[in-house]
Amino acid sequence: MHPGRATPSIAPHVPTPPDVDRALIERLTSLSRLFLPAERHEALAQRLQRIVAAFGSLAEVADDAERATPAAGGPLRADVPGPTLSVDEVLANAPAAAANCFVVPRVVDA
Amino acid sequence: MARAVAAGHVTATEGVRAALARIQQHDPQLRAFVEVWPERALAAAAAIDRRRDAGEHLGPLAGVPVAIKDNLLLAGERASAGSRMLETFRAPYTASAVQRLLAADAIVIGRTNMDEFGMGSTTETSAFGPTRNPFDANLVPGGSSGGSAAAVAADFCPLALGSDTGGSVRQPAAFCGVTGLKPTWGRVSRRGLVAYASSLDCVGAIARTAEDLALWLDTAAGQDPGDATSLPATPPVVTQLAAANDLRGLRIGLPWELNGPGLDDEVAAATDALGAAAREHGAELVGVSLPTVAHAVAAYYLIATAEAASNLARYDGVRYGLRRSGASRLEAMTTASRSAGFGEEVQLRILLGTFASSYGYEAQFHGAAQRVRARLAADFAAAFAHCDVLLSPTSPVPPFPLGSRRDDPLAMWLCDALTVPASLAGLPALSQPWGATADGRPLGSTWTAPAGREDLVLRVAHVLQRHSDHHLRRPLP
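Going down the list, the protein sequences come from chains D and L. In terms of this note's numbering, the first sequence opens at residue 1 and continues consecutively. In terms of this note's numbering, the second sequence opens at residue 1 and continues consecutively.
Isolated chain D (complex conformation) (with noise of 0.2 Å):
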């Protein structure tokens, strides 16, 4: 600390821990998408709730370190391409295929 000069007196700010009601349950299944039955969305508020209250403190705790950065791995392999799956292996898998391509239902209107 600066000579001189006043010691911090507030605490950090934080943030109360939202409530988990049927609006962030709906936008979260809406960005997950993920259906829920509305006869779910109690129980599921009330299990995120007790996550969210236990878990809210966390900024509390280390306030003045850095991030994690993730760890670097060994030296990266020359940027050539090389060996890929062909197309018959990669359609091997999808749930509808057609003319070497991926059938999925409409996605633009005509």
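Hints listed in this document are in silico derivations from the structure and should not be mistaken for laboratory results. Cβ coordinates follow ideal geometry from the N, Cα and C atoms, glycine included. Careful: at least some of the hints might be erroneous.
Stated by the list, open to error - Have a look at the derived ranges for each label pair, beta carbon to beta carbon: (1) D/S30 x L/R314: 16 to 26 Å; (2) D/P75 x L/A411: 36 to 46 Å; (3) D/E66 x L/R279: 35 to 45 Å.
Stated by the list, open to error - Partial selection, computed: residues in chain L whose CB lies under 10 Å from chain D: (4) L86; (5) W185; (6) A195; (7) S199; (8) T229; (9) R248; (10) L250; (11) V297; (12) I303; (13) L330; (14) A368; (15) A369; (16) L410.
Guided by the hints, dock chain L onto chain D, whose structure is given.
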């Protein structure tokens, strides 16, 4: 086994036939395997026998039957990661870790059961039903590599591959009375491992002895162009073990946060006994501290689920995996497919990870977890200034009954409190069986070393196994 095959004392075919017969006898009750590959295994064994008869050089795992976890790919075979989503998925290529097994002349005999996508500690989240503990069929075998641990404990095979994201090799090894190694993050290639949380995922192995794990690590470790995070090879370990007779000069750190309140009494007593045995063989015990470790479970679950939410976004019903047909629009099809293909635990973790990394919450949750992770790594570095390895129990509780903890995910996650710290720091750790509860349930303790020092955890476990028989306790006749 490999030495016996190479010397001609037993043929690879005889070894595989014995393994298959034992699986047929006991696995209908245990369900360690999702699928056994007898034709493939017998053909591989016959090929090895022919090569031995021709005087050809054989690899260090020649003829050894090995099981692989259901999230490792073997070209042409199914790999489902314990999920309905991948129930019919057939691997288009072979995982590097499995390729190295094959190059060492091991014989892959089948794929083992696991918690769905590695998300669980009991195998109860597997879409194919739980595995049972060979010591008591009413108990969980641990997880997520519970099938691999049960297979080794039941003597179906002397070696099984697993994967360890937050303890998924070490905890089931402890619950099943066998030895499990999670290498340093990056030590073994993850190419062909179905991803869960990429900054934490490691391929590991389970065997009866540390010596067998050293033999495996020497064949498995090394850089792989197919995994940019893989590390260069280190000197072989197994040859170092031959000269390891005692632990003189080794300083063992006991982190009080991992050896203190909250532990089951019998668990704590077993780890104390292991520490005492190490001291008898020349090691010095010192107290150390990991102050941030109390927050490791929260940090782990926020990081792992955020990465899982991203990794599992690939299951969109288009390229592979389950598709729920009938939807007229792409997004509706994807949502229906994911909802049908993922189990309840996986869905919960995807939702939590999406929450923790989404706008408005990232700094308080995922960002905070990353800072805790950095602090924890600094804690470990400070502790290793005073010791060579750390000792702690593997699980705070002994193996528990099937179904007894399924309804409370948070309580289940807290059981990972002793394994996730090493995962967050990317350190090698080995669980070795030591002691049992009064009613016979196996207990395990974990050695943790600095990054890249698998040799230390293997050496200490090997020395203690040379002078004890905890690892030789067999649950089935």
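Here is how each hint holds up against the structure:
no.	hint	result
1	D/S30 x L/R314: 16 to 26 Å	18 Å, holds
2	D/P75 x L/A411: 36 to 46 Å	44 Å, holds
3	D/E66 x L/R279: 35 to 45 Å	38 Å, holds
4	L86	9 Å, holds
5	W185	6 Å, holds
6	A195	15 Å, violated
7	S199	6 Å, holds
8	T229	4 Å, holds
9	R248	32 Å, violated
10	L250	26 Å, violated
11	V297	9 Å, holds
12	I303	8 Å, holds
13	L330	5 Å, holds
14	A368	4 Å, holds
15	A369	6 Å, holds
16	L410	6 Å, holds
In terms of the numbered hints stated before, the structure departs from hints 6, 9 and 10, listed from lowest to highest.
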